[in-house]
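K.L.:
Sequence:
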Amino acid sequence: MEPSAKRWLFNLLGFVFLGLAALGVVLPVLPTTPLVLLALWAFANGSERMYRYVYHHRWFGAAARDWKRHKAIPRRGKILASVTVGLTALYLIFFSEAPRWAAWTSVALMTYGMFFVHTRPTLERIKPRTQEAPERR
Numbered sequence: 055m056e057p058s059a060k061r062w063l064f065n066l067l068g069f070v071f072l073g074l075a076a077l078g079v080v081l082p083v084l085p086t087t088p089l090v091l092l093a094l095w096a097f098a099n100g101s102e103r104m105y106r107y108v109y110h111h112r113w114f115g116a117a118a119r120d121w122k123r124h125k126a127i128p129r130r131g132k133i134l135a136s137v138t139v140g141l142t143a144l145y146l147i148f149f150s151e152a153p154r155w156a157a158w159t160s161v162a163l164m165t166y167g168m169f170f171v172h173t174r175p176t177l178e179r180i181k182p183r184t185q186e187a188p189e190r191r
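In this text, residue positions in the sequence shown follow the numbering used here: the first is 55, and each later residue adds one.
Honestly, the hints are just simulated from the structure, not real lab data.
Ideal placement from N, C-alpha and C gives every residue a C-beta, glycine not left out.
Incorrect hints may have been included.
Restraint-style ranges between C-beta atoms, simulated for each label pair [claimed, not checked]:
{"no.": "1", "residue 1": "T159", "residue 2": "R106", "range": "36 to 46 Å"}
{"no.": "2", "residue 1": "V137", "residue 2": "R112", "range": "17 to 27 Å"}
{"no.": "3", "residue 1": "R129", "residue 2": "L81", "range": "30 to 40 Å"}
{"no.": "4", "residue 1": "P57", "residue 2": "R130", "range": "19 to 29 Å"}
{"no.": "5", "residue 1": "P153", "residue 2": "S58", "range": "42 to 52 Å"}
{"no.": "6", "residue 1": "A98", "residue 2": "A152", "range": "35 to 45 Å"}
{"no.": "7", "residue 1": "W95", "residue 2": "A162", "range": "23 to 33 Å"}
{"no.": "8", "residue 1": "R103", "residue 2": "R123", "range": "14 to 24 Å"}
{"no.": "9", "residue 1": "R61", "residue 2": "L141", "range": "22 to 32 Å"}
{"no.": "10", "residue 1": "H172", "residue 2": "K60", "range": "28 to 38 Å"}
{"no.": "11", "residue 1": "W113", "residue 2": "E151", "range": "31 to 41 Å"}
Construct the complete structure from the given sequences, taking the supplied hints into account.
P.N.:
Below, the structure written as structure tokens:
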């Protein structure tokens with residue numbers, strides 16, 4: 055495959071993964087951070103400019119930087135993912151008109167996702183120290 059065709063293919067993959075990550079912000083079935091990481095991998099092979107843009111992006115970049123530096127998931131992210139997946143699973147099982155096999159397949163995939171999330175180390179955010187006023191005597 056020609057180098058220009060290869061770069062084009064990686065860039066296309068990067069945009070697909072980034073688009074899915076953007077959807078993952080509002081759809082609990084799509085995991086945002088892994089899709090951003092896939093987009094970064096694709097852009098690293100296709101476009102250094104897009105790689106830098108996504109890596110330093112205000113919304114998408116923080117999770118990617120945390121993962122690259124610490125290989126850990128923030129506690130807030132784990133809790134939010136667990137609550138969202140749990141509510142979605144309950145909806146699929148009890149209220150959705152989706153075929154039973156589709157609902158249970160989705161629940162199984164979400165369970166696997168939660169297993170992955172909860173077996174990664176937890177990133178504890180360190181709050182910056184505030185300037186304390188000197189004690190009065």
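K.L.:
Taking the hints in turn, state whether each one holds.
P.N.:
Evaluation of the provided hints:
no.: 1; hint: T159 x R106: 36 to 46 Å; result: holds (38 Å)
no.: 2; hint: V137 x R112: 17 to 27 Å; result: holds (24 Å)
no.: 3; hint: R129 x L81: 30 to 40 Å; result: violated (22 Å)
no.: 4; hint: P57 x R130: 19 to 29 Å; result: violated (42 Å)
no.: 5; hint: P153 x S58: 42 to 52 Å; result: holds (44 Å)
no.: 6; hint: A98 x A152: 35 to 45 Å; result: holds (37 Å)
no.: 7; hint: W95 x A162: 23 to 33 Å; result: holds (26 Å)
no.: 8; hint: R103 x R123: 14 to 24 Å; result: holds (22 Å)
no.: 9; hint: R61 x L141: 22 to 32 Å; result: violated (41 Å)
no.: 10; hint: H172 x K60: 28 to 38 Å; result: holds (37 Å)
no.: 11; hint: W113 x E151: 31 to 41 Å; result: holds (33 Å)
Of the hints listed earlier, those the structure fails to meet are numbers 3, 4, 9, in rising order.
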